[in-house]
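**Student:** Residue numbers (my numbering), protein chains in the order written: chain A, 33 to 264; chain B, 14 to 100; chain C, -10 to 234.
Now the stretches of chain C that chain B is said to cover, found in silico as 3 or more residues with beta-carbon under 8 Å:
id, segment
1, 26 to 36
2, 102 to 109
Not close to chain A: a few residues of chain C, all C-beta gaps over 12 Å, as computed:
id, residue
3, His(-5)
4, Trp2
5, Met190
6, Trp230
Since the hints were derived computationally from the structure, they do not count as laboratory data.
Just so it is clear, CB atoms sit at the ideal spot from N, CA and C, and this is done for glycine as well.
As a plain string of letters, each chain reads:
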Amino acid sequence: MPSDRPLLSLRVAFARQFYRHARALLASPSDVANPLIFFFMVITLFPLGLGPNPDRLATMAPGILWVVALLASLMVSAKLFASDFEDGSLEQLALAPYPLALTALAEVAAHWLATGFILALVSPLFGVMLGLPWDGLPVLVASLFLGTVCLTLIGALGSALTVNVRRGGLLLSLLIIPLNVPVLIFGTTAVREAVIGGNPESWLALMGGLALGSLVVLPIAVAAALRVSLDS
Amino acid sequence: MDPPGIGLAKTMGGWRLMYFDSISAMWHMDGHGVYVWLAYALTALPLILMVWFPIRRIRQHWRWLLAEQRRLAALSGDRSSDAESAV
Amino acid sequence: MWTIIHKMGSPPWFFRFSGALVRWLLPLTICLLLAGAFWGLLVAPPDFRQGNSYRIIYIHVPAAVVALAGYYVMALAGAVSLIWRIKMADITMRAVAPVGAVLTAIALLTGAIWGKPTWGAWWVWDARITSMLILLFLYLGVVALFEAYENKTAAARACAVLTLVGTVNIPIIYKSVDWWYSLHQPASIKFTGESAIDSSMLYPLLVMILAFYCVFAVTVLLNMRAELVWTHRESGWLKQWVGGA
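Only chain A is shown next, with the shape it has when bound in the complex (with noise of 0.2 Å):
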């Protein structure tokens, strides 16, 4: 491909595409506050809909965070490569002569950043509020914060077969619940060992491997499916 620019280097590539869509996420605040609000929210329904027996939601606080959490990382997903796929750069980013799996990855690291993360990090906070003991706190950071490098990767593979089809909300949800359930299964198991005084540290360390897994094969399945959406 003769072009008098010489070609950027791929961490540069990356760094640059990673600014980009961090900068639009910044640039529309309210894309960052929705998912939290929406935990926050959904929190608040558990003990109206349980009763506000503290023991009881207690027992119940791992696996209802992590549920909300799942359900917040879908509902973002969707959004991930919309505006990118409508605004026609998604087409320029499979032209460029990067490889489309690391600019994707570049894309799903971003949006990471302004969603997980941040969820990782204010999730002490709805674990207190529904009393989740102390113990259990940094597990579930630590479990958040692995897991959901996993679920923003898989929502990202939802988001890239779904992109160009009508009403791809609910055919989205269909496909990834499925393969989100052993992120669950391990970041609750985690955190409910922590709080009962076990082990957590085998079950994160499975979440470490699971992300690490991810962030190796799904940006390969996520340029593919980009790909096979940018074509249909």
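Start from chain A and add chains B and C according to the hints.
**Tutor:** Same frame as chain A, but now just chains B and C:
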């Protein structure tokens, strides 16, 4: 349907073919019959439908193709120009 | 080997071959199903612990086994479709997905019916049943994704990507659900780790597993033929075929 005393489990030189002694015992299965027969019926139904639906679809398409071919043959039979344009 | 693969990719050849195959596979399947059901329902002795309700195993386990295998067949077809862009692989995927979903649903339904006399409840969050439920969602996702795309070539490639990711994920899902179950359930309810099954009960089970594999093959082939007849309605070989028939 089930006269008492007529055993289903005929002994053939000391070798029993069937486990159940009578047809009513076969239906009843010591109280589990409802579940077992319900499960088998609910399996048989989708299996039959799963075979029948594609066969019906193939037949329909086949009939459509035959009709299409006959129509084309009729058209080429009288090679009038307005028939050509009607295609 | 390569010539066979090459031939499989050619619709006229496949159409002729599958027609001949189905013609004798369908009667064989019906015979196997009837023989297996007869053997399992009426000949095999009852289980000493579960009584006669265990006879549901002869449809529950084969349906589950073939449903899981079907997902791998779909993944294989998906890989072929992605790598070599063979149209027949797309059609295979599309034909397998609904069959797999129905078989998974059968396994779930019979599992629920079996659960009532065994556990006293229609639905128990047992590890295997939960895994099958997730497998059903995976199948339904593929079916829904196929229907969502207008362009069926793109649909097949999208489904191929999804199926391949799902295939990597299935062992992780099964393992995690297994751990989840063993952490939450008291050991007394567990039915896992049964002792070796007696041969008088095992043989009908093997017959039924074979029969369900045949059902899978027949229904997939029929679905593929139905799809082929429609998508190739304009092509010469099919017109010749119809004219000759």
